[in-house]
Amino acid sequence: MFNGLRKKDADHALLAAFADGDRRAAQQLTEKLMPKIYAHAYYRLGNTSDAEDVTQEAFLKLWKVAPNWKQDKAQVSTWLYRVVSNLCKDRYRKTTLEGTASTEEPTDEATSPTYRLEEQYRQKALYAAMSALPEGQRLAVQLRHIDELTNPQIAEIMGVSVEAIESLVARGKRKLTKILQSHKSELGYSHG
Amino acid sequence: MVKDKRSAKDELSDLFKSARSASPRVNPDLKARILRDAEKILGNTDLPRNLSWFNNTQKFLKDLGGVPSSIGFAASLMLGACIGFYSPDWSESLTIIFDINTFDEINFTGSFFEMNELF
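If you're matching them up, the sequences are chains A and B in order.
So the first sequence is numbered by the working numbering: it starts at 4 and just counts up by one.
So the second sequence is numbered by the working numbering: it starts at 24 and just counts up by one.
So here's chain A without its partners, still in its complex pose:
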């Protein structure tokens, strides 16, 4: 039904259809956007249960705002990223204060145990290094290089200019390189 429409319009159309009582539209939107939003939340929070809660909360907000959604507003996915990002920030702050922040190790049964261990080490090292970045740089780097969004999209999510995003990403990456420098050999890279 929405094949001929651009992505943005298709999402808007689905949201409008949901507001008019179309249950299938909710299903389609969920299937389309939930994996990305969940992955973002998971990478920010480091555990599945918090990531699931935050994703559910973000979608609940989307369903509530659907009847008043304006076409000229942001893309639905961008809006969701912004909401989930704020929810993650709150949740992360709360768990850090309570001292319950933990990272689960993602499982991937398809690969060998050795490779999996190496990958897990690399993932943990990157996660730890990213956690050491200031909030703005961390979010910008994650949205750009892990969620693979464009700079204008990130600018919309974070409410700053595209130039500011470019600067945040560049500074974040420089800092990451510096932090990870001391772990080069453990990460499987030669010094030099």
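Any given hint could be a false lead.
[Unchecked claim] DEER-style ranges, computed between Cβ atoms:
#: 1; chain 1: A; residue 1: K67; chain 2: B; residue 2: S92; range: 30 to 38 angstroms
#: 2; chain 1: A; residue 1: G162; chain 2: B; residue 2: G89; range: 17 to 25 angstroms
#: 3; chain 1: B; residue 1: C105; chain 2: A; residue 2: K73; range: 44 to 52 angstroms
Worth flagging that the hints you see were computed from the coordinates, not collected in a lab.
Quick reminder that beta carbons are idealized off the backbone N, C-alpha and C, glycines included.
For this one, chain A is given, so just place chain B on it according to the hints.
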């Protein structure tokens, strides 16, 4: 295990790629939870849409019971207003027909525990 010398940029790209592949599988229960929420929102009531004044009026008329009902309400409103402002002596003819004389039956100056005799 040790890879060739590569630039810091490449190494970082590798790490990002690795992080992207680490996304856990989505729990099917999460989708069910999200759709349950959607169902609840839809089932709650009519969603509060941001309507224009025209749409609001239309909705109000619909709530009144459609066009015939609205005309009836409007006619009775106008009649009420006419009676209020014009004050025709219709009430007098009605009292004659039904043989009612309210003013005679209420004794405004009647005794109330003989208090009126004090004044």
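Tested hints:
no. : hint                                  : in the structure
1   : A:K67 with B:S92: 30 to 38 angstroms  : 33 angstroms, holds
2   : A:G162 with B:G89: 17 to 25 angstroms : 47 angstroms, violated
3   : B:C105 with A:K73: 44 to 52 angstroms : 45 angstroms, holds
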